[in-house]
Every structure is written in C-alpha cells, then in structure tokens.
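Chains as they are written, first to last, in the working numbering: chain A, 25 to 158; chain B, 67 to 196.
The hints are simulated quantities; they were obtained by calculation from the structure and are not laboratory data.
Incorrect hints may have been included.
[To be verified] Covered stretches of chain A, going by a simulated chain B footprint (3 or more residues, C-beta under 8 Å):
1) 38 to 45
2) 101 to 114
3) 119 to 132
We put the CB at the ideal spot given by N, CA and C, even for glycine.
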Amino acid sequence: MTTSPPETLPIRTSDDVVIVRQQVRARAVQAGLGLVDQTKVVTAASELARNTLDYGGGGVVTLTLIDDGMKRGVRLVFEDHGPGIPDLQLALKDGYTTGNGLGLGLSGAKRLSNEFFVESTVGVGTRVTIARWK
Amino acid sequence: MDRIPILKLGDALLVTIQVDMHDRLATALEDDLTNKIVKHNAHGVLIDISALEIVDSFIGRMLDNIAAVSRVLDAETVVVGMRPAVAITLVELGLSLAGVKTALNVERGMALIQRHHHVLERGADDDIAS
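Working from the sequences, and respecting the hints, build out all of it.
Here you go:
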C-alpha cells in the first residue's frame with residue numbers, strides 16, 4: 025500500500041509554509057505527478073498551510089505518498105486546534121473570508137485537488153484532507 | 067531581513083523574483099516598490115516571475131496590489147514570464163489577476179510599458195495644443 029512512512033511537519037511561521045511547499049513538491053515528484061499536477065497540489069498546500077497558520081493559530085501537516093497498485097499520488101492532512109469553522113458551507117464559498125485574504129484558500133484548494141475533505145468543530149479545531157492523483 | 071532587489075531600467079523598475087517568498091518578504095517588496103516608484107519617478111514596473119514555481123492567492127494579491135498602487139502613482143505594472151503550469155493553476159484557483167497586465171517576457175513587457183508611456187505623453191501634448 026503506502027510506500028513510505030507519513031511525514032509530519034509543523035506550521036508555526038510563514039517560513040514553515042515555504043518548507044511545506046518544498047516538501048509537498050518533493051513528494052509529488054516522488055509520486056510521479058506531472059508538472060501541472062505538481063503545481064496544483066503545491067498551490068493547494070500553500071493555501072491550506074496559510075489557513076492553518078492564520079485562522080487555526082498554527083498546526084501540523086502530514087504528508088503521505090500513496091501507492092495502492094491502482095493509483096499513485098500524495099495525500100495531505102492539515103490539522104489545527106484553533107477556533108474551528110462555524111459554517112463550512114459558507115467557508116467554502118468563493119470570496120468569503122473572516123480575515124483579510126481573498127477568500128479563495130479553501131474553495132481554491134478544493135478545486136485543485138482530486139479528493140477534498142474537511143472536518144471542523146467549533147472550539148476544537150479543523151482538519152482538512154486533500155489528495156492529488158497521478 | 068532579506069529583501070528582493072529592485073533594479074532601475076531606463077524609466078522603469080525591474081524586479082526578478084528568484085526565491086520562494088515567505089509572506090513577509092512579499093509584503094516588504096510591496097512597500098519597497100511603492101517607495102522606489104516615487105523616488106525614481108518610474109513610469110513602469112516589470113515583475114519577472116519566470117523563476118516562481120507557484121503563485122498562490124497571497125502572491126496573486128501582492129501582484130494585484132502592486133499594480134493598483136503603481137497605477138495611482140502613474141506607473142504601469144507588467145508581470146512577465148509566468149510559467150504555463152502556474153497560469154493553469156492560477157485560473158483554477160480562482161484568481162484572474164484582472165488588474166494586472168502580463169507579457170511573455172521582459173522585452174515584450176518593456177515594450178508595453180514604453181508604448182503606454184508614449185501614448186500618455188502624446189495625449190498630454192495634444193491637450194496643451196488644443
């Protein structure tokens with residue numbers, strides 16, 4: 025199934041966001057993703073890592089290389105113990121933001137991923153899972 | 067703190083982004099460019115992003131902001147050298163960079179700035195004559 029152990033990286037500063045981008049790129053290359061798919065998953069990771077930092081108060085991302093014989097790709101899980109998202113439907117709408125961004129982070133990351141899953145509990149935290157296949 | 071260098075090229079400014087920018091660096095570039103436009107009386111800003119492997123919404127917003135501020139200061143911003151994979155991803159992300167002029171490379175970008183400035187100058191002369 026999984027060909028390499030999952031790797032967990034901290035997201036505490038904007039420098040960490042840069043490191044997340046570089047590590048996601050390395051995993052995407054390892055998974056054999058083409059240039060456009062690499063660019064999409066790295067961009068999605070950048071948006072979600074910044075969300076984890078700005079809205080979740082920091083957290084972690086776990087990177088997994090997936091190879092189940094049928095398909096290869098990368099799966100990323102972003103987790104924080106921040107305030108949570110009260111209204112997920114609203115948070116997934118283009119242009120909606122509670123900060124000073126463009127409101128494209130979550131909705132954009134969803135469009136750039138083959139798999140997208142978000143769980144959030146107010147007062148507990150948020151977990152966003154994405155995957156991009158070869 | 068690190069800074070992205072800004073070069074003077076005729077009456078335009080040239081910025082070549084060669085590193086994976088963290089957010090503070092992008093914000094510092096916005097401030098530095100605004101100051102240099104005024105200091106050098108620049109009519110154009112060329113931003114070469116050919117080395118950038120991704121443009122996310124933060125960098126996209128930075129480019130939009132630079133274009134808007136420089137327009138207010140009578141300078142035209144042209145973003146040059148965007149990689150095809152970056153362009154595809156940017157559109158899917160939902161960013162159209164509507165306020166930003168783009169060109170394939172630095173030469174074409176420079177030509178765009180000069181043409182824009184030339185038209186403006188001629189327009190001003192016509193106003194005086196009439």
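Verification of the supplied hints:
no. : hint       : verdict
1   : 38 to 45   : holds (count 5)
2   : 101 to 114 : violated (count 0)
3   : 119 to 132 : holds (count 6)
Consistency note: the structure conflicts with earlier hint 2 alone.
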